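Student: Okay, here's what each chain looks like letter by letter:
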Amino acid sequence: MSETMTGAEMVIRALQDQGVEHIFGYPGGAVLPIYDALFHQDKVKHILVRHEQGAVHAAEGYARSSGKVGVVLVTSGPGATNAVTGLADAMMDSIPVVCITGQVPTHLIGSDAFQECDTVGITRHCTKHNYLVKSIEDLPRILHEAFYVASNGRPGPVVIDLPKDIQFKAGSYARPVNNQHKTYRPTVKGDMDKIRAAIELMANAKRPVFYTGGGVINSGPHAAALLRELVRLTGFPITSTLMGLGAYPASDPLFLGMLGMHGTYEANLAMHECDVMINIGARFDDRITGRLDAFSPYSKRIHVDIDPSSINKNVKVDIPIVGDCAHVLEDMVRLWRQTAPQQDMVALKEWMGKVEGWRARNCLAYRPSAETIKPQFAIQRLYELTKGRETYVTTEVGQHQMWAAQYFKFEDPNRWMTSGGLGTMGYGLPAAIGAQLANPKALVVDIAGEASILMNMQEMSTAVQYRLPVKIFILNNEYMGMVRQWQELLHGGRYSQSYSESLPDFVKLAEAYGGVGMRCDKPADLDAAITEMINIDRPVIFDCIVDKTENCFPMIPSGKAHNEMLLNDYLGETGTDIGSVIDEKGKMLV
Amino acid sequence: MTQMSTHYPDATRIEPVNRHTLAIVVDNEPGVLARIAGLFSGRGYNIESLTVTETEHEAHISRITIVTTGTDSIIEQIKSQLERLVPVHRVVDLTITGDAVERELCLVKVVGKGDHRVEAMRLASAFGARTLDATLTSFVYELTGTTEEVERFIKLMTAVGLVEVSRTGVAAMARGADAMTF
Ligand SMILES: Cc1ncc(C[n+]2csc(CCOP(=O)(O)OP(=O)(O)O)c2C)c(N)n1
Ligand SMILES: [Mg+2]
Chain W
1 MSETMTGAEM VIRALQDQGV EHIFGYPGGA VLPIYDALFH QDKVKHILVR HEQGAVHAAE
61 GYARSSGKVG VVLVTSGPGA TNAVTGLADA MMDSIPVVCI TGQVPTHLIG SDAFQECDTV
121 GITRHCTKHN YLVKSIEDLP RILHEAFYVA SNGRPGPVVI DLPKDIQFKA GSYARPVNNQ
181 HKTYRPTVKG DMDKIRAAIE LMANAKRPVF YTGGGVINSG PHAAALLREL VRLTGFPITS
241 TLMGLGAYPA SDPLFLGMLG MHGTYEANLA MHECDVMINI GARFDDRITG RLDAFSPYSK
301 RIHVDIDPSS INKNVKVDIP IVGDCAHVLE DMVRLWRQTA PQQDMVALKE WMGKVEGWRA
361 RNCLAYRPSA ETIKPQFAIQ RLYELTKGRE TYVTTEVGQH QMWAAQYFKF EDPNRWMTSG
421 GLGTMGYGLP AAIGAQLANP KALVVDIAGE ASILMNMQEM STAVQYRLPV KIFILNNEYM
481 GMVRQWQELL HGGRYSQSYS ESLPDFVKLA EAYGGVGMRC DKPADLDAAI TEMINIDRPV
541 IFDCIVDKTE NCFPMIPSGK AHNEMLLNDY LGETGTDIGS VIDEKGKMLV
Chain Y
1 MTQMSTHYPD ATRIEPVNRH TLAIVVDNEP GVLARIAGLF SGRGYNIESL TVTETEHEAH
61 ISRITIVTTG TDSIIEQIKS QLERLVPVHR VVDLTITGDA VERELCLVKV VGKGDHRVEA
121 MRLASAFGAR TLDATLTSFV YELTGTTEEV ERFIKLMTAV GLVEVSRTGV AAMARGADAM
181 TF
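Chains as they are written, first to last, in UniProt numbering: chain W, 1 to 590; chain Y, 1 to 182.
To be clear, the hints were calculated from the coordinates, so they are not data collected in a lab.
Be a bit skeptical, because a hint or two may be false.
Below, in silico cross-link-like pairs of lysine to any residue (SDA-like), each with a Cα-Cα straight-line distance of 20 Å or less [stated by the list, open to error]:
| hint | chain 1 | residue 1 | chain 2 | residue 2 |
| --- | --- | --- | --- | --- |
| 1 | W | K313 | Y | Y45 |
| 2 | W | K182 | Y | V25 |
| 3 | W | K134 | Y | N28 |
| 4 | W | K169 | W | E229 |
| 5 | W | K134 | Y | A59 |
| 6 | Y | K79 | W | V315 |
| 7 | W | K313 | Y | A59 |
| 8 | W | K194 | W | S111 |
| 9 | W | K316 | Y | M180 |
| 10 | W | K182 | Y | V91 |
| 11 | W | K313 | Y | P16 |
| 12 | W | K43 | W | H144 |
| 13 | W | K313 | Y | L39 |
| 14 | W | K134 | W | P105 |
| 15 | W | K134 | Y | D27 |
| 16 | W | K182 | Y | D27 |
| 17 | W | K313 | Y | K79 |
Derived CB-CB ranges, DEER-like [claimed, not checked]:
| hint | chain 1 | residue 1 | chain 2 | residue 2 | range |
| --- | --- | --- | --- | --- | --- |
| 18 | W | P221 | Y | E83 | 22 to 32 Å |
| 19 | W | K189 | Y | V163 | 50 to 60 Å |
| 20 | Y | E15 | W | V507 | 56 to 66 Å |
| 21 | W | S2 | Y | T71 | 45 to 55 Å |
| 22 | Y | E83 | W | E137 | 26 to 36 Å |
| 23 | Y | R19 | W | E137 | 37 to 47 Å |
| 24 | Y | G31 | W | A170 | 23 to 33 Å |
| 25 | W | P368 | Y | E83 | 46 to 56 Å |
| 26 | W | G67 | Y | H57 | 35 to 45 Å |
| 27 | W | S496 | Y | G31 | 50 to 60 Å |
| 28 | Y | L33 | W | A113 | 17 to 27 Å |
| 29 | Y | N46 | W | Q338 | 31 to 41 Å |
| 30 | W | P221 | Y | N46 | 36 to 46 Å |
Keep in mind the model is a prediction, meaning the values are calculated, not measured.
Cβ coordinates follow ideal geometry from the N, Cα and C atoms, glycine included.
Can you build the whole structure from these sequences, using the hints too?
Tutor: So, in structure tokens, the structure goes:
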């Protein structure tokens, strides 16, 4: 049944037909017809953000915590350019987002009209795909296709640039029977011969390790369940990237913690010493591999990824399997059960012994203090006091982000949202708003740094307006801590521009926004303060004053291998002169 | 920290760089060429030649032929990255499928008198070039051939008064009965 309606009405109808309940947006001249169509209905609820970057991050948080596609609506020109950072973020972290941007009327495109910018040109390389709609006939198809493209295959952001005259034009809309793209069909089922070869390699492994990533999360909760089953069947230890945390329960004895630049000693050494590496949904990012020519020198590698371009990009693998994690894991579990392989239990036992030996180093230990709150301690207490609740954690970018990844233990997928690929300061608060909207009953905490939070602080207004009781837990060290750490290690302790000479009073700031402000600076008061924060049913800014000069360890310095990790000097492993550890070549890297 | 016994594999191998001809079947929609050209520039790949025209008008399908250079792993990446683009249907590496026919067309304008003019005519006929335009002082020749033939022709013509060149870039197709569909 097709109906006649305007382009703007089609937008709203298509969103309804896609089952979209919430969109994040900000109005302007070039999207007024769509806002008008929005006004006449109440199925699709609009969340008014305070900056378009916030809209995209909120949509990301919404998508990641719910498994749905996040939807954004912004105006042309500055609306679109403000959204770019969010789009690039979603691109890097493979988050399904559909972003509708207004555009000047078609006859003005190219004339440098008011608030015109080449949105499809600007976003071409930071979206999975984008469309400029030039005729009303194409609009229904494009609207639905965008959802298909954003969520199928390796997910990512899709932009629909919609000129204002098309929004006014009348055309016929019919809900498509299927909204597939006419040719785009990502491979989801893995090649069985390759999977068989992988199982055989795994069956004969003496020093195996699972290395899993965000792909498992993106593949859905089913993939995480299958991963757990496969790990249980094989008995292999498992480590995860920053993006993959929660796919496997952190409390399980086989879990080695996060790997990579700030990963655990046991995870990185297991990667370095293993003979069989099973990469499921991770992409050999440089934060993970460290020095490439020294990366995991003894291993045969299996790589499961839905994106063929991730395979053999940075690291050569022996058994590439293109497919969706859940599909491939299902085949792996079935095949492992069928073949019931005779594992080399002696070798595996010896391997686990070695892994336990590394774990016994207790690499996350830090020097405790009764006077100042250690940032690690703050995260540990936050974790302990929220354990057992339905808790979602987002972060900003910096040391606090790494401490959150190290000390907060995630038991389930979709509970942890952080900007991994792009490393976008300002991600956490809007993402928390999105996560809270998708999970109204849950506790949502943005673990923040005092510098990062200021990048999208304005979204506190959004939280207050929609009564979203997000908790902003600031590890306030008065420094751009991660920058300060690198300056200490690489630039002779010359702390150029990394100290915040002037910070707002976060308690007053919270109150000014209409939220609740709290401050804590004594370890002894921390538990009570955190408990109080949890029990407040309103947005809270918790200003947690922490040790200003604590560094984040372990750390693999740039240009170094997994077995050249720096540990906390508390463990008596490194002298004070760690500046000499990184050579000139390493300093070139970031 | 404890010194682990380690062994580093050889430093990143220096791999040979090869020339590959890729045939890419795409939806002929606005911006598709920008996407492909942008992919090459954005990721630092080389384009030696690029040819594109709509080949299936009904289905709005274009065929793009790109000649590129890179190590084997770079070529692999180029193909995977191209396949990742939503409007790209398929990418065929004609250099790997083997023995493709490759042709390009060039137009050259030669200006001169006397000996140069005579020599230009001789060269043109030796190469089998067609004369598309002639005046008392100039010729425009058309030559279709492999890139190497075209290069040689242009080089020789330069010596006898070549003033302008226009080339189409490579069009290529695999030999044999198997057809590349979309
Ligand atoms: C938008 C953006 N600008 C700059 C950076 C570089 N950067 C990475 S971490 C960091 C410091 C963050 O400071 P803070 O939020 O206080 O976190 P801390 O490291 O102190 O925990 C900076 C500037 C970035 N990641 N993102
Ligand atoms: Mg800080």
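Student: Please write out, lowest number first, the hints stated earlier that are contradicted by the structure.
Tutor: 4, 7, 8, 9, 27 and 29
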